[in-house]
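Kindly generate the complete structure, drawing on both the sequences and the hints.
Heads up: the sequence lines are chains V and Z, in that order.
Under the numbering used here, the first residue of the first sequence carries the number 1, and numbering increases by one thereafter.
Under the numbering used here, the first residue of the second sequence carries the number 1, and numbering increases by one thereafter.
For the record, the hints were derived by calculation from the structure and aren't laboratory data.
A virtual CB, placed ideally from N, CA and C, is assigned to each residue, including glycine.
Possibly wrong hints are sitting among the right ones.
Rough simulated footprint, nothing fancy, chain Z against chain V, three-plus residues with beta-carbon under 8 Å [unchecked claim]:
#	region
1	239-245
2	253-259
3	395-405
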Amino acid sequence: MPNMSLKKNPMPHQDADVRNKNFEEVALGYTIEQAVDEAERCLNCKHKPCVNGCPVMVHIPEFIAKVKEKDFEGAYQIIAESSSLPAVCGRVCPQESQCEKYCVRAIKGEPVGIGRLERFVADYHNANCKEKPVKPESNGKKVAVIGSGPSGLTCAGDLAKKGYEVTVFEAFHLAGGVLVYGIPEFRLPKTIVQKEIDTLKDLGVKIETNMVIGKVISIEELIKEYDFKAVFVGSGAGLPKFMNIPGENLIGVYSANEFLTRINLMKAYKEDASTPIIHGKKVVVVGGGNVAMDAARCAKRLGGDVHIVYRRTLDELPARKEEVEHAMEEGIIFDLLTNPVGIKGNENGWVNAVTCIKMELGEPDASGRRRPVEINGSEFDIDADVVIMALGTSPNPLIKATTEGLEVNKHGGIITDENGATSVQAVYAGGDAVTGAATVILAMGAGKTAAKAIDEYLNK
Amino acid sequence: MFKIVDKKVLNPTVTRIDVYAPFVAKKAQAGQFVILRATEDGERIPLTVADYDREKGTVAVIFQIVGATTYALNQLNVGDYIADFVGPLGNATHTDGLKKVAVVGGGVGCAIAYPVAKKLHEQGCEVHSIVGFRCKDLVILEDEFKAVSDKYVLMSDDGTAGTKGLVTDALKQLIENGENYDEVIAIGPVIMMKFICKLTKEYGVKTIVSMNPVMIDGTGMCGGCRLTVGGETKFACVDGPEFDGHEVDFDEAMKRGASYKEWERHKYEETCNLFKKEVK
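Here it is in structure tokens:
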């Protein structure tokens, strides 16, 4: 008999008042008992609606069936057939709008905690499996992957499993892309990312850090001089947006990218770090996406009073509901229907306040969301010594600028067909470099699709 | 890891190291920069390419010991390894078509000005190098500059080397004497570049400056290096590092440059003490 409880097994968490002062992981993961109990909620539907909600089509009911049997390694092997980063996806995927959205149990009650089970299975494997993956026999064909974020790692893993000699080029000194510079430790511990990367290395993937492709070697040279038969571009959406309001260049105004990179990649939150960060006492984060939540929660952990300023209401907030709830629990204040119009500073160029204006919702715009409209004369100041702009990012233009014939759209995203092929022969692309800022799992899906297309192209 | 193959102490606070980095050496050009981390867990700092040897695969950088990172970097010797060395980043100096240029260098900025002067000289341009230092002990690259300059003017604050005075005084005099420059290229402390630009604006001489702001990734990702040029926000790493000096908001750049001054001073003292303890 399945477990007919209408609610998911709750995820154990660090207490909000404790965790908002440390950088350790917030969600603690299921125990074996909780995992098996949750797995019992799955009805093992024949038509598997959940699988269609997954960008990489993990065989969800099958892996959950193995969890019910307490064959956790068996469950891992089923997930690994489709996903190369299960421990990552189990933590950062927006399951509520993907697999769990289509779960039959969600019609009446809460869906099966698919993400929590995926995380449990991946963590169980990482803690208990000592066997290393075996490097497949080489087919002698070299493929270059630019960028070591989720799309690049997925593409590299899938190609390596097919016998390709894959080299991943990373601009930073550490592989992982947004998984290491963007997503904070308390949501995604970096040891987990490192473990996934080590797995790829065991499969024979070479990772070359400190290589800014486009500057040190062009894509054309990779193909002509270095004998790569195909190239996958997964260079991400690295370019931060600003509001272009007065005072944005004052000291203490950060892009979310800079703030998060200092904290996550350079470990500036640690006492003995060699990279500085301003520990704001009063912090204003502008924006309502997941990155804004991450930045706000980091600033809180550095000891600040943190306000999120967002021009629409909670209903339109693009961040995951879970992230918003976590942020609220941790004491972050949401100033909704509020938009900055200027930033004020002292005579030495340091920020001291953000001038905001109150908004109200008007008619729906092209996106279907009601357009926020300024309320005349409602300006007011919020004291702040740090301001973080989390307004989104656009694709990095470096590759486009140095690759002849590579077509991009008006937002700077590389144009590809449905298989990831670009306008340049043998060059494929995927992830945020194509779509603009999106999710880890969509980038992984694109990396997977491109790997399949590259394999077909090289076997023509 | 990147091996240090040569090290020269240019003056008590300025050091040149040549690093084996063949991929960078193959592409580097005057005006571009690298980002390095001296040690694992170290800070990422940008340094302008001072020289390169494509055959040997080496890239030279010249740095002043001003903070914890440069102090730690200076502790490394020939045969030691630097953790990370990435580049070449930014845009190369535009020298096409220039026939007569005044290259102005201030302090350690001369390390960046020199490869520009060399490149101009090699393409047959008439080069007037005006270099300034606080005192005689701090003079660097004198022979190197002389070898690529049609005119070499040495200035010092206290008169112990060359003529007493500022580089702006020397440049003003040359312009007043009828020297007609296609362009002035000024590289040095922000305050020096500001006053050079003020001067050349009066005389209507186009002036290029090289900005070296706070930076993390060097690829346009963090926006930490942003500055205002002609009323617009630009990123020094991808739009620069060289800009039309008459358009740059130097006062803002100076303030932003001081963002972490207090923190750096503290860290520097900490690092010095740490190394001194190790020596004992």
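Status of the hints after comparison with the structure:
1. Three residues within the 8 Å Cβ limit are the bar, and the region 239-245 of chain V against chain Z gives 4, so the coverage statement holds.
2. Only residues whose beta carbon comes within less than 8 Å of a beta carbon in chain Z count, and the region 253-259 of chain V has 4; three or more means the coverage holds.
3. Residues of the region 395-405 of chain V with a Cβ under 8 Å from some Cβ of chain Z number 3, which satisfies the need for three, so the listed coverage holds.
In summary, the structure agrees with every hint in the numbered list given earlier.
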